[in-house]
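Trainee: Sequence:
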Amino acid sequence: MITLERSAEAERPKLAGLAGDDYDAQWMRWHKAAEATQAAVTAHAEASGESRYELEQAVKKAALHATDDPAE
725 MITLERSAEA
735 ERPKLAGLAG
745 DDYDAQWMRW
755 HKAAEATQAA
765 VTAHAEASGE
775 SRYELEQAVK
785 KAALHATDDP
795 AE
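Per my numbering, residue 725 is the first one in the sequence shown, and the count goes up by one each step.
FYI, nobody ran anything at the bench for these hints, they're computed from the structure. Misleading hints may appear alongside valid ones.
No more than 27 angstroms apart at the CA atoms, straight line, and that leaves these computed lysine-lysine pairs for BS3-like [said to hold, decoys possible]:
| # | residue 1 | residue 2 |
| --- | --- | --- |
| 1 | 784 | 738 |
| 2 | 738 | 756 |
| 3 | 785 | 738 |
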């Protein structure tokens with residue numbers, strides 16, 4: 725889920741400065757990535773009985789603060 729969140733967040737800033745068809749295409753890439761994240765969070769929350777909201781917040785926080793080096 726963290727990887728999915730990172731993917732969605734990586735697509736969002738690419739919208740800056742785009743217009744027309746380029747914007748629409750990039751928006752769709754971001755939207756699909758965001759939908760995948762939301763679907764994964766929902767499925768995990770339903771399967772585990774966790775609060776969907778709390779799980780989503782934890783995923784967002786981990787995606788923002790996680791590093792590629794697990795030793796850090």
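Trainee: Please flag the earlier hints that this structure goes against, numbers listed from lowest up.
Mentor: none
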